[in-house]
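*Asks:* Single-letter residue listing:
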Amino acid sequence: MAAHIQARLDELGIALPVVQPPVATYVPFVRTDNLVIVSGQLPMAGGKLAVAGKLGETVSLEDGQAAARQCFLNVLAHLNTACDGDLDRVVRVVRLGGFVACAPTFSQHPAVVNGASDLAVAIFGDAGRHARAAVGVASLPLDAAVELEAIFEVR
Amino acid sequence: MAAHIQARLDELGIALPVVQPPVATYVPFVRTDNLVIVSGQLPMAGGKLAVAGKLGETVSLEDGQAAARQCFLNVLAHLNTACDGDLDRVVRVVRLGGFVACAPTFSQHPAVVNGASDLAVAIFGDAGRHARAAVGVASLPLDAAVELEAIFEVR
Amino acid sequence: MAAHIQARLDELGIALPVVQPPVATYVPFVRTDNLVIVSGQLPMAGGKLAVAGKLGETVSLEDGQAAARQCFLNVLAHLNTACDGDLDRVVRVVRLGGFVACAPTFSQHPAVVNGASDLAVAIFGDAGRHARAAVGVASLPLDAAVELEAIFEVR
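Residue numbers (our numbering), protein chains in the order written: chain A, 1 to 155; chain B, 1 to 155; chain C, 1 to 155.
Keep in mind that a hint or two might mislead.
One copy or any two copies: either way a pair holds, since identical chains are not told apart in the list.
Unchecked claim - Dumping the calculated SDA-like pairs for lysine to any residue here, alpha-carbon to alpha-carbon at most 25 Å:
no.: 1; residue 1: 48; residue 2: 20
no.: 2; residue 1: 48; residue 2: 12
no.: 3; residue 1: 48; residue 2: 7
no.: 4; residue 1: 48; residue 2: 153
no.: 5; residue 1: 48; residue 2: 103
no.: 6; residue 1: 48; residue 2: 107
no.: 7; residue 1: 48; residue 2: 61
no.: 8; residue 1: 48; residue 2: 154
no.: 9; residue 1: 48; residue 2: 105
no.: 10; residue 1: 48; residue 2: 34
no.: 11; residue 1: 48; residue 2: 88
no.: 12; residue 1: 48; residue 2: 31
no.: 13; residue 1: 48; residue 2: 25
Worth flagging that the hints you see were computed from the coordinates, not collected in a lab.
One chain only, chain A, in its complex shape (with noise of 0.2 Å):
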């Protein structure tokens, strides 16, 4: 079996970020059976935060998305790692948790995570589609605009 996501990645010009080492106590991912879930990705590019602040303030809508797809980058990173580099072995997009930083008058969080989920369909195609929970939080670590978290199963 060829490697079939890693030729899709490269038909849509994606190459994934490098993987940060952990800051704290706790590591990027866990596998437990036959589940991969990996821990909150920011919009981190380059080693730097690419989108800071809130929707609905000084964040569009478009920022905000491509913040959340940056964030899916990162979660793919780790979990290439989880699955030792071959990302054939991602059986499917089990749930994506996205929390978006806005102003309590902002509504728009389903559009902000569709950045993450249209990125995740783009790669696994009907694999990719997920369970999902999309919610607007007070402020996130280093004023991140948002967070992303994920499960995968894998064979």
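Chain A is already provided as a structure; the job is to place chains B and C on it using the hints.
*Replies:* The following block gives chains B and C in isolation, referenced to the frame of chain A:
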């Protein structure tokens, strides 16, 4: 084995909501092994948001509880699809996650989410007793007052 | 096999809190297959809330960390019950979910939740290293400063 849970629903006078098709690239539920993970549900009824606004501001405790109850009904409708229409395949409710849109001064989140928890136990009995987290959030999609996600064990 | 984890708790001078009975229709934990899901715990100590208020307002970073630590102790007390009093049956800490009640300007959520994460590793060693999400929320039950939920793999 008779259809116990359907009979219980009838006894309680509960008709499951009509399942709404997904509006984004996520799906209403995912099954992995013996777990069904249901996406965050809003208090939609008849295609419209039944309870908008925030607890501790414009939404009363009673309306918040009704919203949580409605969320659980929507969860149940998707679970029913996941079980091919046979809710007797539900082994137990594993976890409910309740997000309550509220003012920073609000502190009665458990009472709100009980609107869902009490219904779970009314329908499933001891198998309806679940682990739970209930938190207050800055805002929710469409300005909903409550969002509820759920995990079930099924056979 | 000796009771390693109990010995480790003794070494650390940690006595597990007395388990509180559930106050609603949910339960403190659910076991499904090899996973134990523990309900969201507040920083209760001796039957009272130990740390109330919000980070970035009236609660200091140190008090927030102490709150997260206390939450983990309460998680542990329920896990102990789930394991019939034998914590050596814990295979690993899978995931901690930390909710920090805070001002919209607060950004040190990871440092707060480390109060729980550091204790997990102190007690369980490498098996204590876990996936994690830490977010800031508008408010929590009883005006608690922190709420912590957890998933463990057990044998």
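*Asks:* Confirm or reject each hint.
*Replies:* Each hint, compared with the structure:
| no. | hint | verdict |
| --- | --- | --- |
| 1 | 48 with 20 | within (11 Å within a copy, 40 Å between copies) |
| 2 | 48 with 12 | within (23 Å within a copy, 37 Å between copies) |
| 3 | 48 with 7 | neither (28 Å within a copy, 42 Å between copies) |
| 4 | 48 with 153 | neither (29 Å within a copy, 34 Å between copies) |
| 5 | 48 with 103 | both (23 Å within a copy, 23 Å between copies) |
| 6 | 48 with 107 | between (27 Å within a copy, 15 Å between copies) |
| 7 | 48 with 61 | both (20 Å within a copy, 24 Å between copies) |
| 8 | 48 with 154 | neither (30 Å within a copy, 37 Å between copies) |
| 9 | 48 with 105 | between (28 Å within a copy, 19 Å between copies) |
| 10 | 48 with 34 | neither (32 Å within a copy, 38 Å between copies) |
| 11 | 48 with 88 | neither (29 Å within a copy, 40 Å between copies) |
| 12 | 48 with 31 | neither (27 Å within a copy, 36 Å between copies) |
| 13 | 48 with 25 | within (21 Å within a copy, 28 Å between copies) |
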